[in-house]
Amino acid sequence: MANPTPKPEQIAAVDHKPPAADWMDTKPEFKPGMFLYAVRKESLEGVGQPNPRDWNPTDADWKLPADWKGIVREGIKERLQRFRSFQIFMDICVRCGACADKCHFFIGSGDPKNMPVLRAELLRSIYRGEFKVAGKILGKLAGGRKLTEEVIKEWFYYYFQCTECRRCSVYCPYGIDTAEITIMAREILNLLGCQIDWVGTPVNNCFHTGNHLGLKPHTYKENVEYLLDDIEEYSGVRINPSFNRKGAELLFITPSGDVFADPGIFTFMGYLMLFDHIGLDYTWSTYASEGGNFGFFTSHEMMKRLNAKMYAEAKRLGVKWILGGECGHMWRVITQYMDTMNGPADFLEVPVSPITGTRFQNSASTKMVHISEFTADLIHNNKLKLDPSRNDHLRVTFHDSCNPARGMGMLEEPRYILNNVCNNFFEMPPQTIRENTFCCGGGAGLNAGENMEMRFRGGLPRMNAVQYVKDRHGVNMLACVCAVDRAVFPAHLEYWVPGVKNCGVTELVANALVMDGEIPRQYNLRGEEVNDLREEVDLPPIQWPEEEEGGEPSEEGGE
Amino acid sequence: MPTVEYKGKTYEVDEDGFLQDPEKWDKDFAYYVKEEEGISELNEEHWKVINYLQDYYKKNGIAPMVRIMTKVTGFKLKHIYELFPSGPGKGACKMAGLAKPTGCV
Numbered sequence: 235m236a237n238p239t240p241k242p243e244q245i246a247a248v249d250h251k252p253p254a255a256d257w258m259d260t261k262p263e264f265k266p267g268m269f270l271y272a273v274r275k276e277s278l279e280g281v282g283q284p285n286p287r288d289w290n291p292t293d294a295d296w297k298l299p300a301d302w303k304g305i306v307r308e309g310i311k312e313r314l315q316r317f318r319s320f321q322i323f324m325d326i327c328v329r330c331g332a333c334a335d336k337c338h339f340f341i342g343s344g345d346p347k348n349m350p351v352l353r354a355e356l357l358r359s360i361y362r363g364e365f366k367v368a369g370k371i372l373g374k375l376a377g378g379r380k381l382t383e384e385v386i387k388e389w390f391y392y393y394f395q396c397t398e399c400r401r402c403s404v405y406c407p408y409g410i411d412t413a414e415i416t417i418m419a420r421e422i423l424n425l426l427g428c429q430i431d432w433v434g435t436p437v438n439n440c441f442h443t444g445n446h447l448g449l450k451p452h453t454y455k456e457n458v459e460y461l462l463d464d465i466e467e468y469s470g471v472r473i474n475p476s477f478n479r480k481g482a483e484l485l486f487i488t489p490s491g492d493v494f495a496d497p498g499i500f501t502f503m504g505y506l507m508l509f510d511h512i513g514l515d516y517t518w519s520t521y522a523s524e525g526g527n528f529g530f531f532t533s534h535e536m537m538k539r540l541n542a543k544m545y546a547e548a549k550r551l552g553v554k555w556i557l558g559g560e561c562g563h564m565w566r567v568i569t570q571y572m573d574t575m576n577g578p579a580d581f582l583e584v585p586v587s588p589i590t591g592t593r594f595q596n597s598a599s600t601k602m603v604h605i606s607e608f609t610a611d612l613i614h615n616n617k618l619k620l621d622p623s624r625n626d627h628l629r630v631t632f633h634d635s636c637n638p639a640r641g642m643g644m645l646e647e648p649r650y651i652l653n654n655v656c657n658n659f660f661e662m663p664p665q666t667i668r669e670n671t672f673c674c675g676g677g678a679g680l681n682a683g684e685n686m687e688m689r690f691r692g693g694l695p696r697m698n699a700v701q702y703v704k705d706r707h708g709v710n711m712l713a714c715v716c717a718v719d720r721a722v723f724p725a726h727l728e729y730w731v732p733g734v735k736n737c738g739v740t741e742l743v744a745n746a747l748v749m750d751g752e753i754p755r756q757y758n759l760r761g762e763e764v765n766d767l768r769e770e771v772d773l774p775p776i777q778w779p780e781e782e783e784g785g786e787p788s789e790e791g792g793e
Numbered sequence: 442m443p444t445v446e447y448k449g450k451t452y453e454v455d456e457d458g459f460l461q462d463p464e465k466w467d468k469d470f471a472y473y474v475k476e477e478e479g480i481s482e483l484n485e486e487h488w489k490v491i492n493y494l495q496d497y498y499k500k501n502g503i504a505p506m507v508r509i510m511t512k513v514t515g516f517k518l519k520h521i522y523e524l525f526p527s528g529p530g531k532g533a534c535k536m537a538g539l540a541k542p543t544g545c546v
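In the order they appear, the protein sequences are chains A and B. Residue numbering for the first sequence follows the numbering used here, starting at 235 and increasing by one per position. Residue numbering for the second sequence follows the numbering used here, starting at 442 and increasing by one per position.
Derived by calculation from the structure, the hints in this document are not laboratory data. Built from N, CA and C at the ideal position, the CB exists for glycine as well. Some hints here could point you the wrong way.
Using 16 Å as the maximum straight-line C-alpha spacing, the simulated EDC-like pairs for lysine to aspartate or glutamate come out as follows [stated by the list, open to error]:
1) B:K499 / A:E456
2) A:K265 / B:D457
3) A:K275 / B:E453
4) B:K531 / A:E684
5) B:K512 / A:E466
6) B:K512 / A:D463
7) B:K512 / A:E456
Non-contacting residues of chain A with respect to chain B, defined by C-beta distances greater than 10 Å in every case (computed) [as the list claims (entries may be wrong)]:
8) A247
9) D256
10) I305
11) R318
12) C327
13) P346
14) G448
15) A482
16) Y521
17) A546
18) V584
19) L620
20) D621
21) Y650
22) F660
23) T666
Produce the entire structure from the sequences given, and follow the hints as far as they go.
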């Protein structure tokens, strides 16, 4: 069973002094809380991936395929030819050190192999040792080393200790993108069946049932119906959305975590209310029921296989374009890969908002618009009835989720929305937001339960910035636009910054929405009494009108 | 694959002690988890939750969202934690023999 997680003060006392031994002579220690479990055999078999077997990273024998060295060499060679970026990144680093202290895992762990330069060097040293003349002859003198099983174990440890967040690449004068290096390393590891369960099992689920969790169509629909009951209870409005409806104008796709777990479900309720409020002609799909794409954390081929379903479903249903929810890496897949990978999606139309007429030219090729772009445009055109004072008990800051910020450049829209739906918005320090944003510490499939110490270490820089705005401005809500964030932050906040909660942007939108036919909004979407929340921050209570009939929510709500 | 032994029976479990195959569940496995969890005795309320979780799992192949579980059983989340100190997932679902959910959760 897992070891107890160290206390915050123990983790915060990070020693950044590197060990005396040369990096090539140190080995990772597979300590509980700091590594991820091996993928289940069935999950690799389910999607036809290599070398399915029972194994454990703490075993001496990882049961690699007989010709594993040949597979790795061939895997590297093939990718050097296929991806010019990979070839360049293997050749050009000058070790200036600009990236060294930019990684959240290095900041939080002090482990030098979490410096992006050294993380890349784990692979570059093999590239030199196996492919370059100088490295083959001079070995270590030329920065090369031989391929051994120890190298594979080291790769597994450190390439699953990188969230592909790309903060380091912002600071690299050459623009070396360590995420691309991690992506290649994970692909090569995958050729040996060295995958983590938190990536491999969601991939298998997604391929077979349409979403990472494995929610079957009837379960997906039933979950939504429960949320509709909650909406009715708290707002008095009954919403009747459609599923798998042919001929709808739009298809809406969001991560499945948001239809399953707190606090994502409150964001999901927000979508339902927003779309009802504007009378949007849209449908949900129980087949394309996942915005996220853990295939992206496996291989390009797996990413392509999983991404295909969203467009296949859009085509089948005959919608005009796709509206996408608050997901992180989905938007990197869409913005940076989709068009040349599964696309072009020329059977869809260039997205035009049916409510405002705005043409989303930025999505002309992907045919997919982010919910925050869509909502910001609605607000800009005065299409939403909003009462931001309903969020007055909240003092909100915004976490730029890595991929929407650095992967699609969406920086202004969520801020514009937040400034319109709540009255107290505060920015974290500039070096920790927008394109400089710090990762939540659990992206790229690292949001599992067995690596909590690693997660808390990786989350330390982001939480430190939250602590800053809590101390300075009394911030009590951390908003974000990513389902991994919403899976990761509640535990991080409880551990590092108790008293601050986490939500999606659309949850706050819906709490401020003045719905047609609504009852007095005494409860927020979490079923919490607004006056209780106001009392916590010394705001006077709101005098609600007399109850007409049974407006009191039943007791089991709340968290 | 790790195994646990209880009352002369052997159960295959994952790294976190969740039963590998929900079909292999029996009452003794629940009693094994009860001891691991340090729960003094399993009362009617524990069984109500366990039976509900198993029924739901048979229909859906996944654990229910916590929201649904609290609504159907009528137990507030706080009470679920009183019954199962490790919570609905690591406590109740594990005792009922359900698999862990994965993804953005």
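Checked hints:
1. This hinted pair checks out: B:K499 and A:E456 have alpha carbons roughly 15 Å apart, not beyond 16 Å.
2. Proximity of A:K265 to B:D457 is assessed by CA-CA distance (about 15 Å); at most 16 Å being required, the pair is judged to hold.
3. Under the criterion of a C-alpha separation no larger than 16 Å, the hint pairing A:K275 with B:E453 is consistent with the structure, at around 14 Å.
4. The straight-line distance between the Cα atoms of B:K531 and A:E684 is roughly 12 Å, inside the 16 Å bound, and the hint therefore holds.
5. A hinted pair counts as satisfied when its Cα atoms are at most 16 Å apart, and B:K512 with A:E466 qualifies at roughly 15 Å.
6. With a CA separation close to 11 Å, the supplied pair B:K512 and A:D463 stays within the 16 Å bound.
7. For the hint linking B:K512 to A:E456, the alpha-carbon distance of about 13 Å falls within 16 Å, and the restraint holds.
8. Consistency note on A:A247: stated as away from chain B, and its beta-carbon is indeed over 10 Å from all of that chain's, at 28 Å minimum.
9. No Cβ of chain B approaches the Cβ of A:D256 within 10 Å, the least distance being about 33 Å, so the stated non-interface status holds.
10. For A:I305, the non-interface assignment is confirmed: its Cβ lies about 25 Å from the closest Cβ of chain B, beyond the 10 Å cut-off.
11. With a cut of 10 Å on Cβ distances, A:R318 stays outside the contact zone with chain B, its closest approach being about 32 Å.
12. The Cβ of A:C327 sits about 33 Å from the closest Cβ of chain B, beyond the 10 Å cut-off, so the non-interface label holds.
13. Here A:P346 stays apart from chain B, with its beta-carbon at least about 28 Å from theirs, past the 10 Å limit.
14. Non-interface call for A:G448 relative to chain B: violated, since the shortest CB-CB distance, roughly 6 Å, does not exceed 10 Å.
15. Every Cβ of chain B is farther than 10 Å from the Cβ of A:A482; the closest lies at roughly 25 Å, confirming the non-interface assignment.
16. The Cβ of A:Y521 lies farther than 10 Å from every Cβ of chain B, with a closest approach of about 16 Å, so its non-interface assignment holds.
17. Residue-level check passed: A:A546 sits 21 Å from the nearest beta carbon of chain B, beyond 10 Å.
18. Distance to chain B confirms A:V584 as a non-interface residue, since its nearest Cβ pair spans about 29 Å, more than 10 Å.
19. Distance check for A:L620 against chain B: the nearest CB is about 26 Å away, which clears 10 Å, and the non-interface claim stands.
20. Here A:D621 stays apart from chain B, with its beta-carbon at least about 26 Å from theirs, past the 10 Å limit.
21. Once the 10 Å rule is applied to beta carbons, A:Y650 is consistent with being away from chain B; the minimum gap is 25 Å.
22. The non-interface label for A:F660 is consistent with chain B: the shortest C-beta to C-beta separation is roughly 26 Å, beyond 10 Å.
23. Against chain B, the non-interface label of A:T666 holds: every CB pair exceeds 10 Å, the least being about 23 Å.
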